[in-house]
Every structure is written in structure tokens, then in C-alpha cells.
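Peer 1: One letter stands for each residue in the lines below.
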Amino acid sequence: MAVEVKVPTILRTYTGGDKAVSGAGGTLAEVFDDLDARHPGLKGRVVEEGDLRRFVNVYVNDEDVRFTGGLDTALTDGDTVVILPAVAGG
Amino acid sequence: MLELDRTIAAAIIDHARRDHPDEACGVVAGPAGSDRAVRHVPMLNAALSPTFYEFDSTELLALYKEMDARDEEPVVIYHSHTATEAYPSRTDIALAQEPGAHYLLVSTADGAHEGDGALPLRSYRIVDGQVSEEEVRLVGGGVSGDTE
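In order, the protein sequences belong to chains S and B. Per the numbering used here, the first sequence starts with residue 30, numbered consecutively. Per the numbering used here, the second sequence starts with residue 459, numbered consecutively.
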């Protein structure tokens, strides 16, 4: 499965400045593994100990993956994955 | 330095007053690369808390898609402190993830939310855990919204 992954400004240091990169995998977890091979470090900013980081939001086709199975969310060809850091504070 | 239209500054202060004692939050978007804060977008504080704010995740995606379509970026990210001064908390610093943004804080503490006078409005850059305060210069606008 080939999907498009949109990368936020703060993580573009891992993609040579690219706003979007392509990834491959049948689940979100597989896509992040695939991305990490070509963009080392990217996965670690999104995934921590096998789960999504609390203050990073990931969407597949506009749905927050926290409601669709998290990293186990299944992907199909042409899906769009968006990574957005939470805007939060105290 | 952050240049902010008086009308937008007043709208941010109104938002903070309205949501007190919970924290209010939002952005002022502007053309990408321009550093001009022109479009005020109040956001929902999904945390509904006096000590924490977080943009609602669905609204966050809608906001970023809209900004993308308009070739904008979040020039200002603002929130209120309702019991402390307008200075970034440790949480604010730890969670700041837009290195290009001006982080604007407004304080409604110490009864300042009552009445309709000026409220402290201060701006910071927060990059890699380092905070630097910058001047806020209010420009344009009308008499309403004068916070000086």
C-alpha cells in the first residue's frame, strides 16, 4: 500500500524540508517503520514505546486515529496520513 | 517583535475574559513567510480547564487544512493564564511545537477578567525549550481594543 504522509513544519528536518513523503504499509505502524528507514528519527517523534505520543495527532483520511485503532489502523492504497503536533500547554 | 492589530488584540482579550476561569486559546494566521498576523481564529479549548489548554483535534486538522489551502501559517498561537502571570509555564515550554510562531499569553488573573480594561498581553518565542520574550507593538485598528 502506498500512502501520502503530510509532515508538520517541526518534523521537516527529517524529510529534507519536504511537506509530504510517501510511505508503504498495511497499517499505520508499518508505514512509520517504512518511513523511519528513509527518514531516520521521524518515527521516534511520533511513536513512543509502541504507542502514539500523547501530544502528536495523526489522522488517516481526516479521522483522528485515536478513534480508529491507533497504530493498528489499516490503510489502503492512496490514503492520506496527516501528522500534526498538538497545540497545547498549561 | 510582534506587531498585532489593536482590533485583534482586543478580540483575544475578549475571548480570554469570556472563557475565564478556563483557559482560552486560538491562533492568528497570516500569509506563509510574511510574519503578518491578520486572521484571528478562536479555538475550542478541548481541555475545558483553568490550568491546561489543548486545541480540539478535529478543529486542529480543519484549521491546518484551511491554512494550507490559503497558503497561511499560524503566526501567533495564543492562550490565557487565568491564575498566573502572562509568562510561559513549564508545560507551555515543553509542549511548544511551532518554532516559527509567536506564543502570545494573556492573563486574566487577580480579578483582571472583571471590568473591561487592559489585560497583560506578552509575546514569546519558544524554540527547543528556550524562551525569549519579545516586544508586542499594537498597530492600526480603532479606539476599541486599545490595550495600552
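Take these hints with a grain of salt, some might be off.
[To be verified] Only pairs whose alpha carbons sit at most 30 Å apart, straight line, appear in this in silico DSSO-like list of lysine-lysine:
#1 S/LYS72 - B/LYS523
#2 S/LYS48 - S/LYS72
#3 S/LYS35 - B/LYS523
#4 B/LYS523 - S/LYS48
#5 S/LYS72 - S/LYS35
[What the hints assert, rightly or not] Under 7 Å between C-beta atoms, here's a sample of chain S residues computed to sit facing chain B:
#6 LEU81
#7 PHE84
#8 ASP93
#9 PHE96
#10 GLY98
#11 GLY99
#12 ALA103
#13 VAL116
#14 GLY118
#15 GLY119
Hint data in this document are derived by calculation from the structure and do not stem from the laboratory. All C-beta atoms, glycine included, are put in the ideal place defined by N, C-alpha and C.
Peer 1: Does each hint hold? Answer for all of them.
Peer 2: Each hint, compared with the structure:
A hinted pair counts as satisfied when its Cα atoms are at most 30 Å apart, and S/LYS72 with B/LYS523 qualifies at roughly 22 Å. About 16 Å separates the Cα atoms of S/LYS48 and S/LYS72, which keeps this hinted pair within 30 Å; it holds. Note on S/LYS35 and B/LYS523: the hinted pairing holds, with a Cα-Cα distance of about 11 Å set against a maximum of 30 Å. Taking the CA atoms of B/LYS523 and S/LYS48, the gap is about 13 Å. The hint holds against a cut of 30 Å.
Distance restraint check for S/LYS72 and S/LYS35: the Cα-Cα separation of roughly 13 Å lies within the 30 Å cut-off, and the hinted pair is therefore satisfied. With a cut of 7 Å, the hint placing S/LEU81 at the interface with chain B is violated, because the nearest CB-to-CB distance is about 12 Å. Hint on S/PHE84 holds. Least Cβ distance to chain B is approximately 6 Å, under the 7 Å limit. Annotation: S/ASP93 was flagged as interfacial toward chain B, and the flag holds, the nearest CB pair being 5 Å apart, inside 7 Å.
The interface hint given for S/PHE96 is broken, as the beta carbon of that residue sits about 9 Å from the closest beta carbon of chain B, more than 7 Å. For S/GLY98, the shortest C-beta to C-beta distance to chain B is roughly 16 Å, which exceeds 7 Å, and the interface hint is violated. At its closest, the beta carbon of S/GLY99 sits 13 Å from a beta carbon of chain B; the interface hint therefore is violated under the 7 Å criterion. Given hint, S/ALA103 at the interface with chain B, is violated; its Cβ is 20 Å from that chain's nearest Cβ, farther than 7 Å.
Because the closest C-beta pair between S/VAL116 and chain B is about 4 Å apart, less than 7 Å, the hint holds. Because the closest C-beta pair between S/GLY118 and chain B is about 4 Å apart, less than 7 Å, the hint holds. For S/GLY119, the shortest C-beta to C-beta distance to chain B is roughly 3 Å, which falls under 7 Å, so the interface hint holds.
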